[in-house]
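Okay, here's what each chain looks like letter by letter:
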Amino acid sequence: MNTAPALSLRNIYKSFGGIVAVEDLSLDVKRGEIVALVGDNGAGKSTVVKIITGMYQPSSGEIRLAGEPVHFIDASQSQSKGVQVVYQDLALAESQPVYMNLFLGREKTKGWFGKLDRTGMIAETEELMRELNVRIPSPKSTIRKLSGGQRQAVAIARATHWATNLVLMDEPTAALGVTETSKAEDIISGLKARDLAILIVSHSLDQVFRLSDQICVLRRGKQIGVRQTKQTDKNEIVSMITGLHASSR
Amino acid sequence: MNFKKLLTRPEFGAFVAAVGIFVFFAAVAGEGFLSISGTINYLEVAAQVGILAVSVSLLMIAGEFDLSVGSMIGASGMIIALAVTQFDWPLWLAIIVAFLFSLVVGYVNGWLVIKTRLPSFIITLASMFLLRGLTIGFTLLITNVTRASGLGTYTEGDFLAPLFLGRPLGLPISIWWWIGLSLILGWMLFRTPFGNWVFAAGGDALAARNVGVPVARVKISLFMLTAASATLLAIIQVLDTGSADVLRGEQKELEAIASAVIGGCLLSGGYGSVYGAAIGALILGMVQEGIVFTRISTDWFRAVLGGMLLAAVLLNNYLRHRALRSR
Ligand SMILES: Nc1ncnc2c1ncn2[C@@H]1O[C@H](COP(=O)(O)OP(=O)(O)OP(=O)(O)O)[C@@H](O)[C@H]1O
Ligand SMILES: [Mg+2]
Numbered sequence: 001m002n003t004a005p006a007l008s009l010r011n012i013y014k015s016f017g018g019i020v021a022v023e024d025l026s027l028d029v030k031r032g033e034i035v036a037l038v039g040d041n042g043a044g045k046s047t048v049v050k051i052i053t054g055m056y057q058p059s060s061g062e063i064r065l066a067g068e069p070v071h072f073i074d075a076s077q078s079q080s081k082g083v084q085v086v087y088q089d090l091a092l093a094e095s096q097p098v099y100m101n102l103f104l105g106r107e108k109t110k111g112w113f114g115k116l117d118r119t120g121m122i123a124e125t126e127e128l129m130r131e132l133n134v135r136i137p138s139p140k141s142t143i144r145k146l147s148g149g150q151r152q153a154v155a156i157a158r159a160t161h162w163a164t165n166l167v168l169m170d171e172p173t174a175a176l177g178v179t180e181t182s183k184a185e186d187i188i189s190g191l192k193a194r195d196l197a198i199l200i201v202s203h204s205l206d207q208v209f210r211l212s213d214q215i216c217v218l219r220r221g222k223q224i225g226v227r228q229t230k231q232t233d234k235n236e237i238v239s240m241i242t243g244l245h246a247s248s249r
Numbered sequence: 001m002n003f004k005k006l007l008t009r010p011e012f013g014a015f016v017a018a019v020g021i022f023v024f025f026a027a028v029a030g031e032g033f034l035s036i037s038g039t040i041n042y043l044e045v046a047a048q049v050g051i052l053a054v055s056v057s058l059l060m061i062a063g064e065f066d067l068s069v070g071s072m073i074g075a076s077g078m079i080i081a082l083a084v085t086q087f088d089w090p091l092w093l094a095i096i097v098a099f100l101f102s103l104v105v106g107y108v109n110g111w112l113v114i115k116t117r118l119p120s121f122i123i124t125l126a127s128m129f130l131l132r133g134l135t136i137g138f139t140l141l142i143t144n145v146t147r148a149s150g151l152g153t154y155t156e157g158d159f160l161a162p163l164f165l166g167r168p169l170g171l172p173i174s175i176w177w178w179i180g181l182s183l184i185l186g187w188m189l190f191r192t193p194f195g196n197w198v199f200a201a202g203g204d205a206l207a208a209r210n211v212g213v214p215v216a217r218v219k220i221s222l223f224m225l226t227a228a229s230a231t232l233l234a235i236i237q238v239l240d241t242g243s244a245d246v247l248r249g250e251q252k253e254l255e256a257i258a259s260a261v262i263g264g265c266l267l268s269g270g271y272g273s274v275y276g277a278a279i280g281a282l283i284l285g286m287v288q289e290g291i292v293f294t295r296i297s298t299d300w301f302r303a304v305l306g307g308m309l310l311a312a313v314l315l316n317n318y319l320r321h322r323a324l325r326s327r
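For the protein sequence lines, the chains are A and B, in the order given. Read in the working numbering, the first sequence has 122 at position 122, and its numbers run on one by one without any break. Read in the working numbering, the second sequence has 285 at position 285, and its numbers run on one by one without any break.
Simulated from the structure, these hints should not be mistaken for laboratory data. A portion of the hints provided could be inaccurate.
Unchecked claim - Under the rule of at most 27 Å between Cα atoms (straight-line distance), these lysine-lysine pairs were calculated in the DSSO-like manner:
(1) A:K183 x A:K50
(2) A:K81 x A:K50
(3) A:K145 x B:K4
(4) A:K192 x A:K234
(5) A:K192 x A:K30
(6) A:K110 x A:K81
(7) A:K140 x B:K4
(8) A:K222 x A:K234
(9) A:K234 x A:K110
(10) B:K5 x A:K115
(11) A:K108 x B:K5
(12) B:K115 x A:K81
(13) A:K145 x A:K108
(14) B:K5 x A:K140
(15) B:K115 x A:K50
(16) B:K5 x A:K110
(17) A:K50 x A:K192
(18) A:K81 x A:K30
(19) B:K4 x A:K115
(20) A:K145 x B:K115
(21) A:K183 x A:K140
(22) A:K222 x A:K50
(23) A:K183 x A:K145
(24) A:K30 x A:K145
(25) A:K81 x A:K108
(26) A:K115 x A:K140
(27) A:K81 x A:K192
(28) A:K183 x A:K222
(29) A:K115 x A:K81
Model the full structure from these sequences, guided by the hints.
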């Protein structure tokens with residue numbers, strides 16, 4: 001059994017031209033653990049997520065998956081290592097049906113000529129949606145027809161279906177209503193039981209405290225600190241995010 | 001498949017139009033148009049466009065254009081003609097080299113589009129001029145004329161020639177290639193993961209990349225396919241006429257795009273059909289040859305084609321809006 005953390009970031013630094021988006025970030029995420037990444041708008045959270053998936057390359061620093069250094073140059077490479085993402089800006093194929101979005105890039109086929117197994121994919125989609133308690137009109141509806149919440153549920157379902165090591169979520173519930181959010185949170189906590197490592201970006205501190213085991217705070221690209229969720233409180237996190245001392249402490 | 005589903009298919013408009021145009025010419029110019037030789041005539045014209053159109057439609061669904069296929073026809077034809085007549089290569093070798101050349105050109109087109117992120121319209125416009133110019137320049141340099149003829153004698157005993165020559169079962173070989181390619185590429189588009197990636201690459205490139213679809217690979221391979229289909233057409237023409245001309249294939253790229261659009265392809269990508277493009281080519285063939293039988297001067301063909309293209313785009317637009325709403 002590999003004891004190295006599922007994800008390990010060391011001294012990650014990333015600049016876009018003159019703008020430093022991430023400055024010296026080091027963070028571990030273990031299997032069965034949810035780590036929350038918080039910070040104000042523009043703090044660099046999405047950039048961190050995109051660096052891990054390989055969509056961006058770090059300017060310097062090291063990324064290890066299960067102890068092994070990796071240098072992804074695009075998202076398909078991280079996926080082949082069992083990393084899945086739910087993006088802030090939804091990344092679904094709008095004109096394709098739900099079941100195709102779950103299987104896009106990993107289509108089920110049958111027969112010698114690699115014919116698409118549509119019935120099989122539709123059936124599996126139905127089962128997955130039932131399992132995750134997601135209500136959509138039909139696996140065959142195109143994404144364009146779904147509400148923001150339903151879309152996000154599909155994106156989460158896709159990520160959780162394929163992830164074998166690490167799930168990255170960038171504000172997965174930002175577009176969701178109250179009921180959908182709590183449903184999504186149930187799904188996310190359920191991932192812990194599947195022994196996946198989870199990194200979640202969220203602006204909702206309530207949610208962060210409900211879900212996470214550790215909280216990592218970024219401010220303008222700088223890592224302010226990492227706290228055990230059980231040993232901190234909202235006031236401390238808020239003051240770390242804003243850089244101001246909470247008056248009520 | 002139920003009727004409503006049929007209505008919402010991308011090629012439905014083209015299918016209706018094809019039936020309408022067939023009925024029109026059958027009524028107006030029945031004798032010539034419906035005769036066996038008349039039928040073969042328009043099928044052959046359709047096949048020449050169709051061989052290009054079916055692969056061009058795939059590329060368009062993937063969100064890209066190839067304006068260089070017309071020049072590729074001229075270039076491949078000349079490569080074969082010069083290799084055989086000037087350098088005494090066996091025909092089969094010339095054919096293979098022409099195919100390899102087209103694959104390289106297609107690869108370069110695709111690679112440039114991916115790397116520069118410039119519109120393929122511009123990149124392939126450049127390769128259209130480049131290829132044509134090089135074909136004319138080199139041909140004149142080597143032979144001092146812009147035509148090569150007398151190739152007929154070289155086909156004898158060549159083991160590759162029968163694939164591109166003659167009339168199996170009474171139909172010109174181009175028609176068989178047209179039908180075969182339509183069926184194979186149509187099957188690939190609608191029944192295989194690759195086809196699914198073609199749709200995704202054209203409609204939702206970013207999402208497709210994010211979920212791990214090899215968008216670059218899909219697009220580059222389709223550029224190679226369009227270039228190779230131009231070479232295929234060039235070989236059929238060269239062996240059929242026994243000659244090659246540096247100007248051959250001019251405007252074919254536009255006819256192929258027109259067929260694809262009439263067949264329901266969207267210029268913006270992500271939507272369309274190989275079968276639709278094949279039907280679009282059939283329409284082009286019927287109109288071009290049908291006009292001959294009506295004794296209207298063929299000078300009007302382009303005007304008719306332009307009008308039809310406009311009508312097709314409007315009809316398809318209307319149908320697509322209905323289709324997307326009903327899904
Ligand atoms: N592709 C890019 N090119 C240039 N600058 C970028 C790029 N991506 C992000 N940035 C910059 O990096 C900084 C961090 O952006 P990032 O999207 O990571 O913030 P965030 O923490 O996710 O914010 P939010 O909470 O609003 O989603 C910002 O200043 C942003 O302008
Ligand atoms: Mg963000």
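Violated constraints from the hint list, given by number and in increasing order: Result: hints 9, 20, 24, 28 break, sorted rising.
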